[in-house]
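Make the full structure from the sequences, and use the hints.
Keeping their order, the protein sequence lines are chains A and B. Position in the first sequence counted from 1, then plus 1190, gives you my numbering. Position in the second sequence counted from 1, then plus 1190, gives you my numbering.
Certain hints may be false.
Given that identical chains are not distinguished, each listed pair holds provided it fits within a single copy or across any two copies.
[Said to hold, decoys possible] Pairs of lysine-lysine residues, derived as DSBU-like cross-links and limited to a Cα-Cα distance of at most 30 Å, are as follows:
#1 1250 - 1347
#2 1212 - 1250
#3 1250 - 1395
#4 1347 - 1212
#5 1212 - 1395
No lab work stands behind these hints, which were simulated from the structure alone.
There are 2 protein chains.
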Amino acid sequence: MEDGGSGVEGGGSGRHQNGTPKRPRLEDVAARVGLSTASVSLVLRGVPGPSERTRQRVLKAAADLGYQVDRTASTLASRRSRLLGVMVDIHSPFHAELVEHLHTAAEEVGYDLVLSTLTRTRDERTAVDTLLAFRSEALILLGPTAPADALAVLDNKAPVITVGRRIADTALDVVRTADDDGVSQTIDHLVGLGHREIVYVDGGKGAIATDRRRGYRTAMRRHGLGDHIRVLSGDNTEAAGERAARHLLDGGRLPTAVVAYNDQCAIGVLAALARAGVAVPGEVSVAGYDDDTLSRLSCFNLTTVSQSAREQARHAVTAAVERLDQDRTEPREVVLTPRLVVRGTTAGRR
Amino acid sequence: MEDGGSGVEGGGSGRHQNGTPKRPRLEDVAARVGLSTASVSLVLRGVPGPSERTRQRVLKAAADLGYQVDRTASTLASRRSRLLGVMVDIHSPFHAELVEHLHTAAEEVGYDLVLSTLTRTRDERTAVDTLLAFRSEALILLGPTAPADALAVLDNKAPVITVGRRIADTALDVVRTADDDGVSQTIDHLVGLGHREIVYVDGGKGAIATDRRRGYRTAMRRHGLGDHIRVLSGDNTEAAGERAARHLLDGGRLPTAVVAYNDQCAIGVLAALARAGVAVPGEVSVAGYDDDTLSRLSCFNLTTVSQSAREQARHAVTAAVERLDQDRTEPREVVLTPRLVVRGTTAGRR
DNA sequence: AGGACAATTTAAAGCGCTTTAAGTCCTGGT
DNA sequence: ACCAGGACTTAAAGCGCTTTAAATTGTCCT
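Right, here's the structure in full:
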């Protein structure tokens, strides 16, 4: 009861004016309870040692003062930021999902996230430099496009965990799904429904596109449909899907199914077919990839492939923690199996 | 030429192992050129004073060492983080756009951004605490839902700039667009095309929804169409749009135009109408709000209202800078005029 | 040569916290 | 009584940088 004063500070007392924020420091809390900053620090971090009585008083004082630890100071002092730097493309719904799960996974192991985003005017280099400036202990890069050797150099500054992209023979940690497997599952599904003429709309020359295309080819051959393999050029846009579909429509005979590189592209296909009066899935079945928010819209209800964001996020965090706290040094590649999500755009042959 | 050594450090020399990152410090750079850390600091920050020769040598040494300033240390030492904390909903395409412009605007005035996102398990409180822990000098909150008084309390810790939401009589800075005006423009457009029976699908009870609804009512009356006012309950989801449209379809007589609270909702309307074989815009015109990525998809090509993300972002950063560097203390509210984007879902009455 | 003055450079004191080694107090045991 | 040992506390030394006041040079006059 010998505490000097109590209760919340007078309203508005801490108002920032003339650039004098007056944020309470550890020392202020210490003074309030007549203890050293060392003890207060111990209590606030939950380190065992301080007595129960001290603990209570400190906690109360901190709450009264509205004390909040200053990360910059504690990072500097402890030589640990407990921060995982995450590079994301803020326009990607899939990245959004990953970030969501990264947050919960990181929290469980006592780490925080700092996000740095790619934009039209902000390249990967800038984004990563920002993460490093914050003293991130590890870098989780979502779908980086930088060349493998650049990533390897980066790895010298902080462990790099690449998510969603295959990287040939490097010492980096990689978490991804088997893209070829995903497309393969789609083909199996379609063949199972009786389809034979299945066209694939390509996604360009990236590592991911390459894998998905391979998955298509391999699966077709496996089903003895090597002669029906047909790849139309395209990319990850709706426009590409439309173009491909129009090409098919102009070509006279339509295939019975179209598998697109991703959902955006698939939706372009869908739009073009609808405009031409072709029934989906009545006359033609269509499938995408990514399980984008788009694909779930009831007006599309697109059959697609889900990439298990949750699992990828957890593995990425685990990989980081192993590097940081369990000094693992050999690289690890985690390849997850994607999951086919059958919705309304695929059906048996008429 | 008296520099000790030169060129890039041996490959992989800085490898982190056993948690010993060995990141170069200012002192290392200083030692390399035989100067004090004070001089190096001056050069690296571009402060005038150091001679040209010193400048060159320091810059080279820093580059050779791969030196990168440690934000935590400089923030602590300078008592300035030059950081603007931004709270975003990472799933929102509109926020994504805002962030993109916030980045460029902030960079122009020498500030950096730190992002903190809302997720299903991460509330506004947590997000804001994180921003404060990083010592953000101002908080830019995108579409916060916290009550006005909670925001006012927050404002005592750092200037708060609320974006995209109206806040009644507080001392906070607000940047937003006139939601009522946006809907109003849509109505004007439709009336101009000859429509009279225009139904509005509501967005619920938030501040934004209220404004938009009011815009609808006011505009209808202004055109002498008070008798035709008809508001269907709904929310910000596709499902709500479908429900509303089905209600209209079941009701027998269709209106000639439907204006929805937002694009998601409008797309639900579109889907339901399409399923029922109603031609858009042939029989019924439809309009949304937000100029969502969705609305631009050629398969929707939705007439909608754009919220000028770029301008809102610039104003938000300006407001923050005025508070921080030009000690403005009176609150400012910036209300921008939204812009109607006429696309393919609205047309003259048949 | 001597001194005033401008141009550079730097010593040193922190920023707000963590951490380690060193206390300070009590309890008991003997 | 006295001391070992446990339970708490705390003094003090940084972390990697910025910043201010002061020191060091160099330059130019008279």
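Hint check:
Taking the closest pair of Cα atoms, residue 1250 and residue 1347 come within 30 Å of each other only across two copies (19 Å); inside a single copy the shortest separation is 41 Å, beyond that limit. For the identical chains of this complex, residue 1212 and residue 1250 are intra-copy neighbours only, at 20 Å inside a copy versus 39 Å across copies, given an alpha-carbon limit of 30 Å. For the homomeric pair residue 1250 and residue 1395, neither the shortest alpha-carbon distance inside one copy (60 Å) nor that between copies (38 Å) is at most 30 Å. For the identical chains of this complex, residue 1347 and residue 1212 are inter-copy neighbours only, at 9 Å across copies versus 35 Å inside a copy, given an alpha-carbon limit of 30 Å.
For a Cα distance limit of 30 Å, the shortest separation of residue 1212 from residue 1395 qualifies neither inside one copy, at 55 Å, nor across copies, at 38 Å.
Hint check: violations occur at hints 3 and 5; the rest are consistent with the structure.
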